[in-house]
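Residue numbers (our numbering), protein chains in the order written: chain F, 1 to 102; chain G, 103 to 342; chain L, 343 to 829.
Just so you know, these hints were derived from the structure itself, not from any lab.
Wrong hints could be hidden among the right ones.
On the chain G side, residues computed to face chain L include the following (Cβ under 8 Å) [as the list claims (entries may be wrong)]: (1) Ser-144; (2) Ala-149; (3) Val-271.
Rough simulated footprint, nothing fancy, chain L against chain F, three-plus residues with beta-carbon under 8 Å [unchecked claim]: (4) 19-29; (5) 40-46; (6) 55-69; (7) 72-81.
As the structure is a computational prediction, the values presented were derived from the model and not from experiment.
Virtual Cβ for every residue (Gly too), placed ideally from N, Cα, C.
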Amino acid sequence: MPLLYSLAGIALFCIALRAVILATAPLRAILAVNVMSSGVFLVLVALARRTPGLMPDPVPHAMVITGIVVAVSATAMAIVLTQRLRAAAGTNTTEDAPRADP
Amino acid sequence: MTMSRADRKMPARLAHALLTLAVTSVFAGLAFAMLSLPEETSGLAEAVGDELAGAGARNPVTAVLLNFRGYDTLLEIAVLLLALMAIWTMRRGELRLQRDPGEILVFLASVQVPVMIVVAGYMLWAGGDAPGGAFQAGAILAAAGVLLVLAGSDWPQRLSGWPLRAGLVLGLTVFIAVGVASVLGGRAFLDYSGEFVAPTILILEVSATVSIGLVLLDMFLSVLRGRASNTETAASMEDP
Amino acid sequence: MNPVETGATWAIWLIVSPLAAALIAFLLPRVAAGIALVNAVFMTTAALALLDQVTEAPRCFALGGWGAPLGIDLYADTLSGVLLVVTSVVFLATLLYSRSYLARTAIGPLFWPISLFLHAALNALFLSADAFNLYVTLELLSLSAVALVALADETRAVAAALRYLLASIVASLAYLLGVALLYHATGVLDLAALAERVTWTPTTWAALGLMTAGLALKGALFPVHFWLPGAHSYAPSPVSALLSALVVKAPFYVLLRLWYAPFVGAPEVVANLLGLLGAVAIVWGSVQALRQERLKLLIAYSTVAQIGYLFLLFPLAQTRSALQGVTVFILGHALAKAAMFLAAGNIYQYLGHDRIRDLRRVARELPVTLAAFAVGGVCIMGLPPSGNFIGKWLLIEAAFEQGDWGWAVIIVAGGLLSAAYVFRVLGHAFTLGKKRAEGTGAPATMAWTAFGLALLALMLGLAAAPLIDIIGSPVAVAVAIAAVPAQ
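Generate coordinates for the entire structure from the input sequences, incorporating the hints supplied.
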């Protein structure tokens, strides 16, 4: 059973990875990244279930709590940056920022 | 001679297909790695179980977060605070009261916010023995604050300047202070085992809860400012 | 529970002091600059003291009194010691520079606390020996760096910051998934414990792939370097200096530690792939640098190229010379590149732009700044007696030791290419032309801090012999993590 969840976690990770690379707008990339992180957390928590006793392994759970906090911080920064970008561009569309010189 | 639309899309479609192929093979590889893991293993669970008695909390996750691997938690609170500072430099726009929130929302807020505060306190307290803890409690507090804002309260705006900054840094400050106190007392950094383990963990959790709640709430408010500002900009640039 | 001698806590202060200083700087913006500078001086002292301590033997500190694998350990050996010293030196010079910079450019007082968090993150990373702890320090590092880039407050900087942030998060998640797999395969997170337990199973392979990919993306290895030129060039100049000199080296350092323990014995094909990508980075980055119109972009592409040299370590990882060479190279590049970016900042402020074609007469009007840039450029080219020269020399030695002279050819070619783009800039800067109407020169602090860093990079080669001796062999770097009993 833990295996099913961990496979689901990797599937989320991979699908979202593709979505990030192909994202046409910053908000899509941010959402995709959040799905990716959910995938990683799912893998961590699912495999923590493999303990012989009743209690799951607490260390991956602690890792996930830390990971969630970090993900929230990064997402908040990304959203505010996106707002900044839109304000600078002066439009309310979801176009991607003009690429800088390579 | 211009290419037909189908031809022009070919390179893009090819790239997409290659990417999908690459991602699928990554999935296959990871799945194979996953399937080759042994059925049962205990990881660090045994080590945690052995030392749980002296750890100051019966909830093993709390023990890991606030004792065994407390250093990670310290850094993570630093990450939260840093992200807020970053947001402060990036945000634009003013914070304004929500206009016309509607009776239902106001009623809901007036009923739920006190309950949420109590639940947050309970989560904080219960985190020692059962699932719960500083992060969960802090998140609920922040949610209560968000509900207040959405319902038109001006309380969050009155929270600014010195009291706000003091509340924001409280969690990290207490954590560092506890660590330094251990060092000055001749022990390792963040080594507070002994008879005062449980009270120390409680102090750490309470200050962390306050800070986490304030940081998350302020992050939300900052995003709200940006939305108001962008809507104005868009409105002022309407198509003729 | 092991009691710790209070004397052995330089490592703790290296992490705690910048964090505490950041909090004070946040609460009291008016003393923020002063606090940051005081901390920078203290950090330099602490780093030198720690380096002195670990020269005899590596030290390991059990945080929380628990000890790995249950708790988290800090680990300091000569490699981390040396990197901590160069970090504090670059910070000290850059923060001095920033005082004058901030008086002329409005980037806000939060620059100080955020840069202090950056310093704390770097120190915590160099002292970490726990796979998950490294993840947290990498995140603190990346988010601080992104925040500093976005301070520039213009559209291109904000766009570059967003791109940097997204790339960084994706990379961190790949790394974290690798850590998850590694933990679930071995049951521990501590690097030393991992080194003992890792066996080559499909799970370990997957973890190696994920972590390497994530760290390569964070470390701007070709071809995933796309985020670097924008982020490093559109950031405010002191930030560019910190990013190119220090921040971009941290993921490489993590990969290096992982490579020696626990992934020792990683298959050659991966090592050669990394080396190959490094070689391409050297050529590609240098060629792109030559094509740039703007000075800061040129310097940023130079960083892309110089990162390539670092990754040449992996195919040569068994030799001591390669490890020593890369370490000295990191030191030399950090000092020289920081000098170049600070100098570019002076030029930008003085001229109002940084177009290379329009740099005429700058040599006459900003002599110290140009000297800083020129000396930094000489180091980047790898001329003696600079540290970069020693680094490249040791890498070439390592290549011949292993019989792979192909890498040596690349290193030499890279030197020639970097000479091309450095001389291009200097050629324009030394051209005579009409005197500009404005002309007040650069503030003394800003010019001399840049020059000081460049001079250090140049003189590094003279001090290289004792430095090289204290860098242990690859076996020592790896095994030491396992052998030291936690204090």
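task = Apply the coverage criterion to the region 55-69 of chain F and chain L: a residue qualifies when its Cβ sits closer than 8 Å to a Cβ of the chain, and three qualifying residues are needed.
result = holds (count 5)
inquiry  = Take the shortest C-beta to C-beta distance between Val-271 of chain G and chain L; is it under 8 Å?
reply    = Status holds, d = 5 Å.
ask   = Per the coverage rule (Cβ-Cβ under 8 Å, at least three residues), is the region 40-46 of chain F covered by chain L?
value = holds (count 3)
message = For the region 19-29 of chain F, count the residues whose Cβ lies under 8 Å from any Cβ of chain L; is that count three or more?
response = holds (count 3)
query = Against chain L, with CB atoms and a cut of 8 Å, does the hint on Ala-149 of chain G hold up?
reply = Holds, about 5 Å.
inquiry  = Does the closest beta carbon of chain L sit nearer than 8 Å to the beta carbon of Ser-144 of chain G?
reply    = Since the shortest Cβ distance to chain L is 7 Å, the answer is holds.
request  = Examine the region 72-81 of chain F: at least three residues should have C-beta closer than 8 Å to a C-beta of chain L.
outcome  = holds (count 5)
When each numbered hint is compared with the structure, no violation occurs for any of them.
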